[in-house]
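For the protein sequence lines, the chains are A and B, in the order given. In terms of my numbering, the first sequence has 210 at position 210, counting the first letter as 1, and numbering is strictly consecutive. Basically my numbering = 1-based index in the second sequence + 315.
Bear in mind the hints are in silico, worked out from the structure with no lab data behind them. Computed from a predicted model, the values in this text were never measured in an experiment. Glycine included, each C-beta is placed from N, C-alpha and C at the ideal position. A few of these clues could be false.
To be verified - Stretches of chain A that chain B covers, calculated by requiring three or more beta carbons in the stretch to come under 8 Å of a beta carbon on chain B: (1) 39-53; (2) 74-83; (3) 111-123.
As a plain string of letters, each chain reads:
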Amino acid sequence: MAVRKPPITTREYWAPGHAACAGCGCAIIMRLATKAFSEAMEEKYGDPDAFAIAHATGCMEVVSAVFPYTAWKAPWIHVAFENAAAVASGVEAAWKKLGYKGKILAFGGDGGTADIGLQALSGMLERRHNVVYIMYDNEAYMNTGIQRSSSTPYGAWTTTSPPGKYSIGEDKPKKWVALIAAAHQIPYVATASIADPYDLYRKVKKAAKIDGPAFLQIHGPCVPGWRIPPEKTVEVAKLAIETGVWPLFEIENGDIRNIKFQRFPKDGKFKKPIEEYLKLQGRFKHLFKRPEAIQELKEQIKAMWKVLGKEVELP
Amino acid sequence: MPMRKVMKGNEAAAWAAKLAKPKVIAAFPITPSTLVPEKISEFVANGELDAEFIKVESEHSAISACVGASAAGVRAFTATASQGLALMHEILFIAAGMRLPIVMAIGNRALSAPINIWNDWQDTISERDTGWIQFYAENNQEALDLILIAFKVAEDERVLLPAMTGFDAFILTHTVEPVEIPDQELVDEFLGEYKPKHAYLDPKRPITQGTLGFPAHYMEARYKVWEAMENARQVIKEVFEEFEKKFGRKYQMVEEYKTDDAEIVMITMGSLAGTLKEFVDKKREEGVKVGAAKITVYRPFPIEEIRALAKKAKVLAILEKDISFGSGGAVFADVARSLINEKEKPIVLDFIIGLGGRDVTFGQLEEALSIAEKAMKEGVEEEVYWIGLRKEIL
Ligand SMILES: Cc1ncc(C[n+]2csc(CCOP(=O)(O)OP(=O)(O)O)c2C)c(N)n1
Ligand code: SF4
Ligand SMILES: [Mg+2]
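Could you put the whole structure together from the sequences, leaning on the hints where they help?
Here it is in structure tokens:
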């Protein structure tokens with residue numbers, strides 16, 4: 001009987017025993033991304049282990065590397081919250097001098113990437129380091145107890161964007177770091193989601209095989225931060241795609257006119273209303289008493305698609 | 316044969332870096348330090364130095380990239396001053412805590428506000444608690460030598476801590492002096508290749524660096540930094556000896572000048588030591604029993620050496636270019652700490668002097684000396700004095 005090669009490598013770099021919450025979407029990103037990276041390194045250099053990881057402070061760092069334990073089976077370093085991209089630059093430079101073959105992988109949360117680490121990220125991309133930077137986007141500062149970031153969506157409750165008499169929750173549109181990264185005209189920028197693991201896997205592999213920098217912004221739901229039951233993580237992420245909240249795209253060399261979309265409805269009409277996405281999450285519960293806020297969120301999502309070059313209809 | 320060249324302090328620092336052959340350099344321009352990365356870029360561009368030079372977008376990223384490179388197992392170097400060093404502050408603790416022997420050259424400059432590009436030591440003094448070894452150079456030759464020495468000490472397995480060498484803004488960074496450039500082969504012998512056993516990011520032997528330390532482990536990790544810094548005392552002495560044997564120039568934790576029969580010893584660091592020695596010569600001619608001492612190594616603080624010095628004098632007068640508001644000068648606090656449990660101890664007075672590039676004149680040194688003489692005869696009135704203030708504009 002012919003044995004089929006598994007679509008995703010059986011090698012593991014993110015070991016069980018880490019302290020992430022049950023149902024953590026970002027833990028799935030850690031596992032899948034390192035697997036994809038290893039497959040890319042194997043195909044490119046004949047060595048699946050040919051990578052090292054630089055990690056920003058945040059949930060995924062804290063849950064994975066508590067002395068004297070580690071969940072990492074790859075060489076791994078954490079330094080601070082805002083500098084994963086700069087640390088990765090240094091590691092990459094050292095690897096060049098050491099004659100190591102391979103590529104550096106950097107992980108940062110949305111806070112460590114969109115906010116405090118944006119400058120270091122821009123520097124790393126602009127200098128064209130051979131680094132894949134993955135922003136795992138759980139849309140708030142989860143490690144410090146769910147404060148808003150510039151990647152928190154409009155309307156969401158967080159501890160620093162509480163809804164109240166004078167507040168609808170987060171009152172600014174989500175900032176799309178993927179587009180900022182693309183403006184650096186780097187070889188490859190993509191968004192992905194844990195709800196489409198094969199797409200995620202393919203994109204990380206592609207990014208890892210490119211010479212030069214690449215950036216991925218990956219959607220990963222957070223159980224306490226989004227106020228969702230742990231078994232709904234993937235379902236919620238899937239609804240984000242199906243309702244048009246989370247775009248899946250790829251941009252090469254900053255060429256936004258030739259942006260490629262995945263799972264985009266051909267007619268530009270999303271079939272499911274964003275309310276289906278919102279209603280599963282406690283962080284948006286208050287919006288159902290404020291229909292004008294849901295309307296505003298829809299307008300913002302349409303505006304985001306327009307920036308991406310698409311006129312969409314949201315039911 | 317060693318080469319002699321007339322050069323600025325910044326060039327001496329760049330030459331030291333070149334001789335040490337770091338594999339990664341990451342730096343960002345700031346006055347008065349800018350010439351160091353410029354010169355190193357030139358060395359790299361000409362193929363005289365085989366290194367990756369990362370043109371980072373800030374000092375925070377400069378030190379972060381050095382941490383990444385050093386953690387990956389290579390020798391790393393950077394240079395900065397003042398605001399740049401302050402911007403690195405957060406990562407300085409991390410470099411020491413992760414035991415990464417990065418070396419940094421500092422053109423000692425005042426901190427804002429008001430913004431001021433001229434010399435004092437507030438920048439490095441303010442980083443004294445980060446776990447970095449600190450050297451202060453008196454002249455451009457010392458700047459070069461003390462950077463080479465910094466690499467050797469930092470990389471010693473008994474130490475494994477980062478180190479910074481400071482040299483005064485403009486007074487040294489921009490002033491040309493003859494400097495002997497040691498032979499590359501001798502420097503290679505002296506430093507050897509950096510092959511860390513504790514820090515690497517090698518796929519063949521994956522390790523995790525930069526973990527979270529719970530209360531059950533944190534204090535021990537910090538104690539290890541303390542222990543390493545204590546070990547550095549002995550290592551620095553050994554390295555000074557080896558350096559003298561190889562290159563013929565002698566260094567000491569504290570360098571004394573005409574102290575044997577001195578009643579008053581004036582203590583300082585950096586280039587001010589040169590002025591101070593001239594001043595002592597002048598006063599000696601006038602029959603005043605005054606001596607000078609220069610602190611070359613500020614971290615680890617030379618506690619034993621200061622105790623030995625204190626035994627000789629009735630007054631120790633610290634001349635320092637830094638201030639800890641609400642307390643006094645930092646060197647004063649360290650000297651006082653060194654003597655606190657001595658049975659007999661001299662009077663210790665603190666003179667804040669030369670901040671933000673204010674010229675230190677013989678007149679100011681006279682003023683400090685006369686306050687010290689008065690205290691010796693009549694007792695201490697005050698402990699901290701600001702010397703050379705323009706009272707008319709206060
Ligand atoms: C300079 C600095 N400021 C603040 C913090 C506190 N802090 C640590 S992690 C974090 C939030 C992390 O958010 P994000 O990057 O989104 O990662 P997540 O925890 O959500 O995975 C904050 C504010 C810090 N460690 N360093
Ligand atoms: S708080 Fe959120 S991001 Fe952090 S481990 Fe739990 S589910 Fe994951
Ligand atoms: Mg987050």
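Outcome of the hint check:
Proximity of the stretch 39-53 of chain A to chain B, defined as three or more residues with a beta carbon under 8 Å from a beta carbon of that chain, is established by the 5 residues found. Only residues whose beta carbon comes within less than 8 Å of a beta carbon in chain B count, and the stretch 74-83 of chain A has 9; three or more means the coverage holds. Residues of the stretch 111-123 of chain A with a Cβ under 8 Å from some Cβ of chain B number 4, which satisfies the need for three, so the listed coverage holds.
When the structure is compared with the earlier hints, no violation turns up for any of them.
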